[in-house]
Amino acid sequence: MSEMSTPGLTGISLVEELCLLAIEDDGSVASTAGEPAFGMGVVGACLVELCIRGRLDADVRPGEGDAGPQTILMTLSQEPTGEPALDAALAYVAAGPVRSAAEWTHQLFPQAGELVRKALERLQTRGVIEAREARFMWVLKTRRYPVLEGRELQEAKLRITEVLMGGTIPTPHDSVLIGLASISGLLRGFLSSAELGRLQRRIDEVGSLDLVARGVEDAIHEEIELRARGMMIPIM
Amino acid sequence: MDINVDNRANVTIASLDGRLDFEAADTAQVKLRELLGSASGKALVLDGASLSYVSSAGLRVFLTIAKEAKAAGVAVAVGALQPAVQQVFDISGFSKTKIIDIQSTVDDAVRAVTR
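So the protein lines, in turn, are chains A and B.
When the letters of the first sequence are read in order and numbered with our numbering, they come out as residues 1 to 236.
When the letters of the second sequence are read in order and numbered with our numbering, they come out as residues 1001 to 1115.
The shape of chain A in the complex, shown without the other chains (with noise of 0.2 Å):
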């Protein structure tokens, strides 16, 4: 399949487009991009952007014991995409064990932060966001990234908002972008919780219909659950 057969309209890719939501009207960066799960979608993104570009794909093989299937990423190639963040996951699963999705998104969750750095550098170049030096309370120093003319953040709002609640088809890079945007707390952003709680059930049914996606959604639920028990030990 050609490489970019299912991307957004504006051609940028699922992590940077991720990315691109998470940053808000004045430019700072969405508190929820602070959590795990918007670190395991950005290492989710990139590893659907990887299977759409042809550089990986994913099958379903029966788990180990108990264990129910599991989505074997599969290297098809290791031909450097040109996109920094993607090239990055690329190298990390190449030179890796045959792993499933969800134990790549746990394995490459440290690369995260690296990974969104690399992203947002790109959307820098391409000009649509730049990155502004800023003072928080006038002594710490903080960064912004503000959006320039917004025409790319505005079409992936738009193309969005269209699937949820005009009813459309998502392509699979819209339906992987609301799965992952959603999970990642970044619709929270554009649309009101009345909204959300009224569209959950189209977000289910719409999002992440991808078997990474749903891989990378597993760990995030584990992850999830897992420091939630962490927290819960000091009490009990």
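Bear in mind the hints are in silico, worked out from the structure with no lab data behind them.
Even glycine gets a Cβ: it sits at the ideal position worked out from N, Cα and C.
You may find that some hints are simply not true.
[Claimed, not checked] In silico EDC-like links for lysine to aspartate or glutamate, alpha-carbon gap of 16 Å or less:
(1) K1067(B) <-> E205(A)
(2) K1096(B) <-> E1068(B)
(3) K157(A) <-> D25(A)
(4) K1096(B) <-> D25(A)
(5) K1098(B) <-> E205(A)
[Unchecked claim] Just a sample of chain B residues kept apart from chain A, beta carbon distances all over 12 Å, derived:
(6) R1008
(7) N1010
(8) K1042
[Said to hold, decoys possible] Only part of the chain B face toward chain A is listed, based on derived beta-carbon distances under 10 Å:
(9) I1013
(10) F1022
(11) A1066
(12) K1067
(13) Q1087
(14) F1094
Let chain A serve as the given structure and place chain B on it in line with the hints.
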């Protein structure tokens, strides 16, 4: 992967034969797109009886064709998926969504698109 075409009244039946993986996905998508074009105003059934394997790339073909079929006003259903392929549809969430109508047999799929 081969796609063999048969017509039953107003329904085009495309029998998918072989493996639908990354290598086969582009060709399959082009062929199915052509069938959508010729099935305008009619219906398309994808017969999965001889479809032995579907990867992540293959699933994207199904979703893309479902989207384009809806835009073209062509009803699409899938029938007779083998258990291993059905499992791929189940795990990826396709079986639970109404986006693609999945039926146990080709006859059921034909009935579904002609209702």
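>> Hint compliance check: list the failing hint numbers for this structure, sorted ascending.
In response: When the structure is compared with the hints, numbers 2, 4 and 9 turn out to be violated.
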